[in-house]
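So you can see what is in the structure, the chains are spelled out below.
Protein chains: 2
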Amino acid sequence: MNLILLYTSDFIDPHLVRIGDRRFQHMRSVHQAAVGETFKVGVLNGLIGQGRVTAMTDDWIELRIRLNQAPPPPLPLSLVMALPRPKMLKRTLETLATLGVKDLWLINSYRVDKSYWSTPILRPEKTLEHLLLGLEQAGDTRLPRVHLRKRFKPFVEDELPAIARHTRALVAHPYQAAPCPAPSAAPTTLAIGPEGGFIPYEVEKLQAAGLDPIHLGPRILRVETAVPVLLSRLFPLTF
Amino acid sequence: MNLILLYTSDFIDPHLVRIGDRRFQHMRSVHQAAVGETFKVGVLNGLIGQGRVTAMTDDWIELRIRLNQAPPPPLPLSLVMALPRPKMLKRTLETLATLGVKDLWLINSYRVDKSYWSTPILRPEKTLEHLLLGLEQAGDTRLPRVHLRKRFKPFVEDELPAIARHTRALVAHPYQAAPCPAPSAAPTTLAIGPEGGFIPYEVEKLQAAGLDPIHLGPRILRVETAVPVLLSRLFPLTF
Numbered sequence: 001m002n003l004i005l006l007y008t009s010d011f012i013d014p015h016l017v018r019i020g021d022r023r024f025q026h027m028r029s030v031h032q033a034a035v036g037e038t039f040k041v042g043v044l045n046g047l048i049g050q051g052r053v054t055a056m057t058d059d060w061i062e063l064r065i066r067l068n069q070a071p072p073p074p075l076p077l078s079l080v081m082a083l084p085r086p087k088m089l090k091r092t093l094e095t096l097a098t099l100g101v102k103d104l105w106l107i108n109s110y111r112v113d114k115s116y117w118s119t120p121i122l123r124p125e126k127t128l129e130h131l132l133l134g135l136e137q138a139g140d141t142r143l144p145r146v147h148l149r150k151r152f153k154p155f156v157e158d159e160l161p162a163i164a165r166h167t168r169a170l171v172a173h174p175y176q177a178a179p180c181p182a183p184s185a186a187p188t189t190l191a192i193g194p195e196g197g198f199i200p201y202e203v204e205k206l207q208a209a210g211l212d213p214i215h216l217g218p219r220i221l222r223v224e225t226a227v228p229v230l231l232s233r234l235f236p237l238t239f
Numbered sequence: 001m002n003l004i005l006l007y008t009s010d011f012i013d014p015h016l017v018r019i020g021d022r023r024f025q026h027m028r029s030v031h032q033a034a035v036g037e038t039f040k041v042g043v044l045n046g047l048i049g050q051g052r053v054t055a056m057t058d059d060w061i062e063l064r065i066r067l068n069q070a071p072p073p074p075l076p077l078s079l080v081m082a083l084p085r086p087k088m089l090k091r092t093l094e095t096l097a098t099l100g101v102k103d104l105w106l107i108n109s110y111r112v113d114k115s116y117w118s119t120p121i122l123r124p125e126k127t128l129e130h131l132l133l134g135l136e137q138a139g140d141t142r143l144p145r146v147h148l149r150k151r152f153k154p155f156v157e158d159e160l161p162a163i164a165r166h167t168r169a170l171v172a173h174p175y176q177a178a179p180c181p182a183p184s185a186a187p188t189t190l191a192i193g194p195e196g197g198f199i200p201y202e203v204e205k206l207q208a209a210g211l212d213p214i215h216l217g218p219r220i221l222r223v224e225t226a227v228p229v230l231l232s233r234l235f236p237l238t239f
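Those sequence lines, one after another, are chains A and B.
The numbering of the first sequence is UniProt numbering, which starts it at 1 and goes up by one.
The numbering of the second sequence is UniProt numbering, which starts it at 1 and goes up by one.
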């Protein structure tokens, strides 16, 4: 937790917050918070700044807040990802949020096991939990939007072309593909397949929606490794 | 498992292997192996090729092997990493092996919890298991060498200068650092700190050993995310 994320409900006056949940436990046990110390704070979807501890009991901590800084810039990216298996989904949601992804479409694909769609991690409150962990890690405040699309074809035919239009539109696919392009700040749409990849029919559909296949070299990466690798190669360091 | 890794002990004649362990279970249950099918295979620390299933019982599978290809090129990198906590170590070993790291120094640091050094994952047979999983994922055969250094100062003073000499020598450190340099195939030494970073004394020591601090932009990354991000930024796609 490199930043204490604050919610509107934490504020007891415009510059004072009172926190009593997981964040308080963490500040107390991991950071040994004490009156007078300062922490990096940020308001969900808002500014970043400092919070100075003004009071602490066994149940809550109070911080006086000064917000004066924008959160790190978001990646100019729409990420379309075949739903990974639950364990990987959890970590991937955190990683995505840490790396600055703000728009995530989780889609179906032939190689996505049907059971993955019933994982509790897709419940909005659980998804939110993992995204918040990722933001707290990065020191970011802007919450990613997660869109679930349980049917491949309607999404790729009816929604994806509009998402991809006027963007650098790519699908990570190891076959008949160009090398991953150079870093650029251009708005980008990127599709990442499931373990085992998209099937040829799906790649055709994605190409018809305007996405060009790119590959990442001779090594085959797990989804949770492919995501940071792709984002590092596609965008400059300033993000 | 994108490649079946073969060991000398699997060979029953120069072109025939018989396998009865985890790899056989995986080929049978996940890939539904059958006589006549071919699999991508590779000999540990050797060539890559194809194996055609010639026989299968309930206990083992036999493949006729043709090896004709070099494994993917290794990263020209000596990676020095503060020992991560066990759960992260496990995944990081796999990721490193997948990404082509061949020389890993796991070192102590002020913020490495002493208990981490007694994790079973550091037992050679357990470390090996995770490295092999990483190689099988990538389609690589060359086993990384892992060196354990439980004392920071002797390693950094006595060994690191020779490792770093004539290489692009870097330490990932968010403060007073230059931006991560452009991709290059140059031999590289890279040090990555623990969660919370190296302490100033350690950074000074690493700098005295010839390492220059670099940063990765405004976001703070977990070690397991920082590794693929750093390697993707430091090396060209051909690796």
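Some hints here could point you the wrong way.
Intra- or inter-copy, both count: the list cannot distinguish identical chains.
Unchecked claim - Subject to a maximum C-alpha distance of 27 Å in a straight line, what follows is the list of computed BS3-like cross-link-like pairs (lysine-lysine):
hint, residue 1, residue 2
1, 40, 153
2, 40, 150
3, 114, 205
4, 126, 205
5, 90, 126
6, 87, 126
7, 153, 87
8, 40, 102
No wet-lab data here; the hints were simulated from the structure.
Comparing the hints with the structure gives:
Within a single copy, residue 40 and residue 153 get their C-alpha atoms no closer than 44 Å, and across copies no closer than 32 Å, so neither meets the 27 Å cut-off. Taking the closest pair of Cα atoms, residue 40 and residue 150 never come within 27 Å of each other, the shortest separation being 38 Å inside a single copy and 33 Å across copies. For a Cα distance limit of 27 Å, the shortest separation of residue 114 from residue 205 inside one copy, 20 Å, qualifies, whereas the shortest one across copies, 52 Å, does not. Taking the shortest alpha-carbon separations for residue 126 and residue 205, neither the intra-copy value of 31 Å nor the inter-copy value of 43 Å comes in at or below 27 Å.
Taking the closest pair of Cα atoms, residue 90 and residue 126 come within 27 Å of each other both inside a single copy (9 Å) and across two copies (25 Å). For the identical chains of this complex, residue 87 and residue 126 are neighbours both inside a copy (13 Å) and across copies (21 Å), given an alpha-carbon limit of 27 Å. In the homo-oligomer, the alpha carbons of residue 153 and residue 87 lie at most 27 Å apart inside one protomer (26 Å), although the nearest pairing across protomers, at 38 Å, exceeds that limit. With identical chains, the CA atoms of residue 40 and residue 102 are at most 27 Å apart within one copy only, with a shortest distance of 22 Å there and 38 Å across copies.
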